[in-house]
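Peer 1: Here the sequence shown stands for residues 0 to 154, numbered as in numbering that gives the first Met the number 0.
Source of the hints: derived by calculation from the structure; they are not laboratory data. Hints may contain errors.
[Claimed, not checked] With a straight-line Cα cutoff of 27 Å, these simulated DSS-like cross-link-like pairs (lysine-lysine) come out:
| # | residue 1 | residue 2 |
| --- | --- | --- |
| 1 | K144 | K2 |
| 2 | K87 | K13 |
| 3 | K75 | K148 |
| 4 | K107 | K126 |
| 5 | K126 | K115 |
| 6 | K13 | K86 |
| 7 | K55 | K13 |
| 8 | K87 | K2 |
| 9 | K144 | K75 |
| 10 | K87 | K75 |
| 11 | K144 | K55 |
| 12 | K72 | K126 |
| 13 | K115 | K55 |
| 14 | K87 | K72 |
| 15 | K107 | K13 |
| 16 | K13 | K72 |
[As the list claims (entries may be wrong)] Pairwise CB distance ranges (calculated):
| # | residue 1 | residue 2 | range |
| --- | --- | --- | --- |
| 17 | D73 | D125 | 32 to 38 Å |
| 18 | D73 | N143 | 20 to 26 Å |
| 19 | E11 | K148 | 29 to 35 Å |
| 20 | N103 | D62 | 25 to 31 Å |
| 21 | Y101 | D125 | 23 to 29 Å |
| 22 | D45 | E117 | 20 to 26 Å |
| 23 | T120 | D44 | 27 to 33 Å |
| 24 | H71 | E150 | 21 to 27 Å |
None of the values given here were measured: they were computed from a predicted structure. Yeah, the Cβ is synthetic: ideal placement off N, Cα and C, and Gly gets one too.
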Amino acid sequence: MFKCYKLENNDELKNLIIEYESIGENIMSGQRKSIKKSLDSYVRDDGFIDFTNLQKHWFPVVDSDIFISHSHKDIKIVTALVGWLNKKFGVEVFVDSYIWGYCNDLLKDLDIRYCKHENGTSYDYDKRNISTVHVHMMLANSLNKMIDKSECVIF
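Make the full structure from the sequences, and use the hints.
Peer 2: In structure tokens form, the structure reads like this:
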């Protein structure tokens with residue numbers, strides 16, 4: 000770690016949010032993509048899912064200078080920080096929740112389609128584990144690619 004800072008919830012942080020949140024929101028909304036496609040578009044002729052293409056579309060690698068990892072409860076702070084970093088330094092910031100699909104949405108789609116018991120009312124434990132592992136591996140790979148591609152990482 001090169002530097003460690005802790006943002007305190009004080010008037011200075013509140014002012015940062017007031018001043019830069021809308022700027023950050025404009026930047027991030029411009030980066031949002033419609034990444035959710037029907038799972039049918041990823042099913043190959045042999046009936047298996049093309050997870051390489053699925054990963055490319057759900058978790059695309061984009062150009063960024065800074066990677067921000069955050070708690071969802073801090074989204075207002077993160078959005079303001081994106082606006083401040085862009086306005087003050089002209090840098091591109093990557094925030095996964097603004098660009099990528101939510102992995103639990105993808106898991107739900109996979110599970111409904113591929114992981115239900117024959118009775119249709121519950122999920123098969125083993126199938127569910129396989130879908131979860133695949134999606135989380137795609138997410139972990141994509142996060143690693145984005146961290147590698149970025150000059151700076153902020154947690």
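Peer 1: Look at each hint and say if it fits the structure.
Peer 2: Going down the list of hints, with the structure as the test:
Pair hint K144 plus K2 holds up; C-alpha atoms about 22 Å apart against a cutoff of 27 Å. With a CA separation close to 18 Å, the supplied pair K87 and K13 stays within the 27 Å bound. At most 27 Å may separate the alpha-carbon atoms for a hinted pair to count; K75 and K148 meet this at roughly 25 Å. A threshold of 27 Å between alpha carbons decides the hint, and for K107 with K126 the separation of about 13 Å falls inside it, so the pair holds.
A C-alpha spacing of about 8 Å is found between K126 and K115, which places the hinted pair at or below 27 Å, so the restraint holds. Between K13 and K86 the CA atoms are separated by roughly 17 Å; this keeps the pair inside 27 Å, and the hint holds. A hinted pair counts as satisfied when its Cα atoms are at most 27 Å apart, and K55 with K13 does not qualify at roughly 37 Å. The straight-line distance between the Cα atoms of K87 and K2 is roughly 19 Å, inside the 27 Å bound, and the hint therefore holds.
The straight-line distance between the Cα atoms of K144 and K75 is roughly 25 Å, inside the 27 Å bound, and the hint therefore holds. Straight-line distance between C-alpha atoms of K87 and K75 comes to about 18 Å, which keeps the hinted pair within the 27 Å bound. With a C-alpha separation of about 12 Å, the suggested pairing of K144 with K55 holds against the 27 Å cut-off. About 32 Å separates the Cα atoms of K72 and K126, which puts this hinted pair outside 27 Å; it is violated.
At roughly 26 Å between alpha-carbon atoms, K115 and K55 fall within 27 Å of each other, so this suggested pair holds. Distance restraint check for K87 and K72: the Cα-Cα separation of roughly 25 Å lies within the 27 Å cut-off, and the hinted pair is therefore satisfied. At roughly 37 Å between alpha-carbon atoms, K107 and K13 are farther apart than 27 Å, so this suggested pair is violated. Taking the CA atoms of K13 and K72, the gap is about 15 Å. The hint holds against a cut of 27 Å.
Between D73 and D125 the beta carbon distance is about 36 Å. The supplied range of 32 to 38 Å therefore holds. Take D73 and N143: their Cβ atoms lie about 22 Å apart, and the range 20 to 26 Å holds. Here the CB-CB span from E11 to K148 is close to 31 Å, well matched to the stated 29 to 35 Å. For N103 and D62, the Cβ-Cβ distance of about 27 Å falls inside the hinted range of 25 to 31 Å, so the restraint holds.
As the Cβ distance of Y101 to D125 is approximately 24 Å, the hint placing it in 23 to 29 Å holds. Distance hint check for D45 and E117: the Cβ-Cβ separation is about 22 Å, which falls inside the suggested range of 20 to 26 Å. Checked against the hint of 27 to 33 Å, the pair T120 and D44 passes, with Cβ atoms roughly 31 Å apart. Restraint check, H71 to E150: a C-beta distance of roughly 25 Å satisfies the suggested window 21 to 27 Å.
When held up to the earlier numbered hints, the structure conflicts with 7, 12, 15 and fits the remainder.
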